[in-house]
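Visitor: Now for the letters of each chain:
Protein chains: 2
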Amino acid sequence: MSFERPNIAKMHGYSPGEQTGSGDTIKLNTNENPYPASPEVAAALRSIDVDSLRRYPVPMADAFRESASRLHKVSPNNIIPTNGSDELLRLAISTFVEPGEVIAVTQPSYSLYPVLAEIQGCKLFEIPLQANWSMPADFFPQLEKSAAKMLILVNPQAPTGGLLSTEYIAQLAADFSGIVLLDEAYVNFVDPELGYDSVSLINCCENLLILRTLSKGYSLAGLRFGYGIGAESLINPMMFKTRDSYNTDHISQQLANAALNSTAYSKQIWQRVRADRETLRTRLNELGLATPVSQTNFLLCQVPDSIGAKNLYQLLKQRNILVRYFDQDQLRDKLRITVGKESENLALITAIKQIQETSP
Amino acid sequence: MSFERPNIAKMHGYSPGEQTGSGDTIKLNTNENPYPASPEVAAALRSIDVDSLRRYPVPMADAFRESASRLHKVSPNNIIPTNGSDELLRLAISTFVEPGEVIAVTQPSYSLYPVLAEIQGCKLFEIPLQANWSMPADFFPQLEKSAAKMLILVNPQAPTGGLLSTEYIAQLAADFSGIVLLDEAYVNFVDPELGYDSVSLINCCENLLILRTLSKGYSLAGLRFGYGIGAESLINPMMFKTRDSYNTDHISQQLANAALNSTAYSKQIWQRVRADRETLRTRLNELGLATPVSQTNFLLCQVPDSIGAKNLYQLLKQRNILVRYFDQDQLRDKLRITVGKESENLALITAIKQIQETSP
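Chains as they are written, first to last, in our numbering: chain L, 1016 to 1375; chain G, 1016 to 1375.
Hint data in this document are derived by calculation from the structure and do not stem from the laboratory.
Computed from a prediction, not measured in an experiment: that's the story for all the values here.
One thing to keep in mind: the hints can contain errors.
Pairs involving identical chains hold if they fit within one copy or between any two copies, as the list cannot separate such chains.
In silico lysine-lysine, DSSO-like type, Cα no more than 27 Å apart, as pairs [as the list claims (entries may be wrong)]:
id : residue 1 : residue 2
1  : K1088     : K1025
2  : K1256     : K1368
3  : K1325     : K1282
4  : K1282     : K1138
5  : K1256     : K1138
6  : K1282     : K1256
7  : K1160     : K1138
8  : K1088     : K1282
9  : K1356     : K1332
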């Protein structure tokens, strides 16, 4: 017997990257941060009293909203805290997009978006990136033609690592009649000298909703904490109507707040990941795995046909090194590799060298 | 400018009970447990290493599912862990009820249900309880006539405190063609001698979805952890399709698991709340506030017209005692009072006495 709604019955769920319980595995497949959260976060964790959990949490995570507003120089009313950024994606779709309406995404993009569109009964319109991962020249005409209610862009992009400029985002938001949901999951790893800053755009673009997460930049994937930044007309309906009343818990509120207030520590971590990213990229290119510049904490490298991406993924897995292989168009000859600790990156490079040397 | 879907634009959000930051307030308004979670939960909290938060949590909370399956003598596949039981309610509606279809509830009931129905664009069909809070004799004919896809029942009932028998639930689930969502948020406080047990019904009733939460019975409202129990045909679509991929976080999984494994401690707490509930009920009745038997951790008492429920609520609030007043039909002459610690219950009774003595 099935009670499922028809659109749920016919859909498939999202497949997260492999998780592993083994401490020996070098895990470079789900873009987790190789360094722990700040000492301030550790102190916040130690200060939690189990008796404080008897009570419901502060419904709107007021302290976190204040911290985020100071960090981003916006009002607390421009911030919505969520149970991971997954919740923000779902809330945005279920609040603003009717079943049957269109959601536009680039192709490739984050594989969760099509799943969320299906759950809401929305149509998905995919606009392919060019071979070099840049946006096609006719992106906006295609978007207009789709009559999309919402456009979801990851910036910096996943799984490609590229970055759209602030000016491009501003123009897009100004021209588009629907909502631009800008998924900035990886924004903390962007080179500061690029001067990328989308947050200031929320003052002029009432249709721009920016997604942030503490999973990557703040080493808190296990905590499930994200937030949205946008005009009050976008934030309020989610905050006061569609959000589960107590969507973030007491512990995660304290830790997330401590994380945002550990700026000096976080900046060091991001700088270190960027430096290691460049070293790893150089090594991969030297080995013949063409790897373009990335503004994220991962690299997307092209694997020569002589080895093959899927084969290399499997051979690395046999050596206890997990990377991400996507069985989909444009990506079957590539691997996405998270920037790990220096020793982990070195182990990866050594393993690829060995595999190349023993290949026929 | 508003981008909201039409049904969201016209709706109002849910109003949770008042929360207060003041340590002096006696808080008997949101059904929180007056005693802390078990020593095992405190130990689990102390054992969390902040470095473990770098990684994504176990996506399906395997250890918790195992513990819940042992506790309830079902398969782990019959269990879905959720970010508070609010998430289970939302998931059940968004997975099984199409926009435009009908959700049936009793009146009065938990005030969140109509909000969730509105978000999904569902119609709400309310079946009034009788004056003594029992189900009307023609409940099932009314339900059938509504053509509801889902019936949501709180058992033991909120805000009335009454209990429907296992046999009544079994008959209802057998006769009804839709899903029976049985919200057992307060089930831990039911007198064990009543032998109430709905969980065994999931083996014969494929349309029965049972909701549990750790907020009340396990003193963990601040943690946001609930779960569903049901046939795999009900659990799987939510588990593998509509749930956010990492809906419960690493810390809450560990603490929730420890809570379910603290059976001896929990049973003591529940017994104590039951005993204090009876004492409080006796005192309220002695003061002329008619208070029927309750199988929950709260009491719904009728306030004589000479004082008035809203007035008493306000006078208690002036004395730093919060109770819950509902401005709605059938409830305007009543207050819902959470069973607190012995000293808190005594302070409440003393305050009501003083108010009565100083009333004109």
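Visitor: Hint by hint, note whether the structure agrees.
Guide: Hints and how they fare:
{"no.": "1", "hint": "K1088 <-> K1025", "result": "neither (44 Å within a copy, 31 Å between copies)"}
{"no.": "2", "hint": "K1256 <-> K1368", "result": "neither (55 Å within a copy, 40 Å between copies)"}
{"no.": "3", "hint": "K1325 <-> K1282", "result": "neither (35 Å within a copy, 53 Å between copies)"}
{"no.": "4", "hint": "K1282 <-> K1138", "result": "neither (40 Å within a copy, 50 Å between copies)"}
{"no.": "5", "hint": "K1256 <-> K1138", "result": "both (24 Å within a copy, 17 Å between copies)"}
{"no.": "6", "hint": "K1282 <-> K1256", "result": "neither (35 Å within a copy, 37 Å between copies)"}
{"no.": "7", "hint": "K1160 <-> K1138", "result": "within (14 Å within a copy, 34 Å between copies)"}
{"no.": "8", "hint": "K1088 <-> K1282", "result": "within (18 Å within a copy, 50 Å between copies)"}
{"no.": "9", "hint": "K1356 <-> K1332", "result": "within (18 Å within a copy, 56 Å between copies)"}
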